Amino acid sequence: MPTTSHSDQQHRVILQNIAQRAMLERGLLPDFSAAALAELDRIQAPADVHDGSVRDLTDLLWASIDNDDSRDLDQLTVAETLPGGSVRIRVAVADVDALVKNGSAIDEHARHNTTSVYTAAQIFPMLPERLSTDLTSLNFAEARLAVVVEMVIGVDGSLQGSDIYRARVRNQAKLAYNSVAAWLDGRGAIPDGLAAVKGLAENLRVQDRIAQSLKNLRHIHGALSLETIEAKPVFDGDQIRDLEVEEKNRAKEIIEDFMIAANGVTARYLAAAKFPSIRRVVRMPKRWDRIVELAQEHQFRLPANPDSKALDEFLVKQKAADPLRFPDLSLAVIKLLGAGEYIAELPGDAAPGHFGLAVKDYAHSTAPNRRYTDLITQRLLKAAVAGRAAPYSFAELDELAKHVTAEEDAANKVERQVGKSAVAILLESRIGEQFDAIVTGASDKGTWARLLTIPVEGRVARGFEGVDVGDRIRVQLMSVDVERGFIDFKRVGSSRR
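The sequence shown begins at 1 in this note's numbering and counts up one residue at a time.
Since the hints were made in silico from the structure, they are not lab data. One or more of the hints may lead you astray.
To be verified - Simulated crosslink set (DMTMM-like; lysine to aspartate or glutamate; CA at most 20 Å straight-line): (1) Lys232 to Asp31; (2) Lys174 to Glu202; (3) Lys232 to Asp208; (4) Lys174 to Glu253.
Only a predicted model underlies this, so the values are computations on that prediction, with no experimental measurement involved.
Sequences and hints are given; from them, build the entire structure.
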């Protein structure tokens, strides 16, 4: 049964209450402890070090590119052209460990939740905001400590050399994805923050070129050309008015490709130092047979055994043939590939690697304000750089990897539940309407489908017999439950699209 209408109530307050409850139900902490807040009160200034162990790189043309509303700035990037056409790329990662010590009350909260949780109405930061958006954030015009991952990239996108060290950096421009992408594509004016710094526009052009070469080389090795539709509620005051679709763009690809490269350098650096580490892996897909079936439906033959290069060839072909429906195919493939996970690895072990990115070595390291694995990796890196013993044993990392995988899943479920509650508010007035949809999940736990016209996923409560991931169906909206984030459909036929 549909709930009573929420149209006249404050949507933001409703969703905040749902988010708080969802956090608690999933075992996550929505609030910081008194001990953590007392500890925070004793931290009065950003960390700094004045000895030979930290390089002064504050004069470089560092800039951050992030979402328009981001305040927790984890990384800065800068390029330097070298003789022969290669380019030195530096990624500066906020030195969060300098203020958040292992075993402290603030660290215990971060270890428990393992990630910042971003819901439609409220953010639950992994670290107190005075740290993540100020004292440990790489904010504009502020000198901050950082761990720098340096990479020399060849013209073809190959890694020719790398290093990791500590440095003091200063953000010269706080930039946003959409405006930078519009400028790079020739669709918009140069952003003010970019124009204000001499030489930065040219530097970003170099970064863009190198990011594209990194991406192209990964795809040659079999990285998957996936493209999904992500939507977030748009508020007008405290009322939800619409869903806004977030799209990939060239500015996002600069950060994405540099972070993938930096995470690879990080993993190999720790292995070379004979340190254990936590790797991010996506194993060989368990449902490859269904991916093969989907390809056959599009007259493409995939090999019987998982092959990321062949799969990417299929994806590229389909994107060219049918760009409008490609995100739906991408979503089906992503669901069939299976979820990523964290595993602990001893130096010399053969990690499963990341199937979707076609990379063997991958350790999350570039977002320590937002992800606990990155903070763990940062502590390992700083110890390795300083020649100290590893601060974690393999057994500790093994336990943490399992914990972080579980808690990340819990955080994702909170975000999805609140997102669905927001969508349920929007759909309350549309019960009984019919939509074209694509099946995104089919198991003993239930069958799920996403609408093609509105980026909304719900349960197929009736008529789901015989359908599988990737199938196109016609559904009717039966009911919504705002409080629980339930959206139920019944199948009424085959998709018309």
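Status of each hint after checking the structure:
In summary, the hint linking Lys232 to Asp31 is not supported, as the alpha carbons are separated by about 24 Å, beyond the 20 Å threshold. Only pairs whose Cα atoms come within 20 Å are accepted, and Lys174 paired with Glu202 is accepted, the gap being roughly 16 Å. A distance of roughly 27 Å separates the Cα atoms of Lys232 and Asp208; the hinted pair therefore is violated under the 20 Å criterion. Restraint check for Lys174 and Glu253: satisfied, since their Cα atoms lie roughly 17 Å apart, inside the 20 Å limit.
Figure legend: structure checked against the earlier numbered hints; hints not met, in rising order: 1 and 3.
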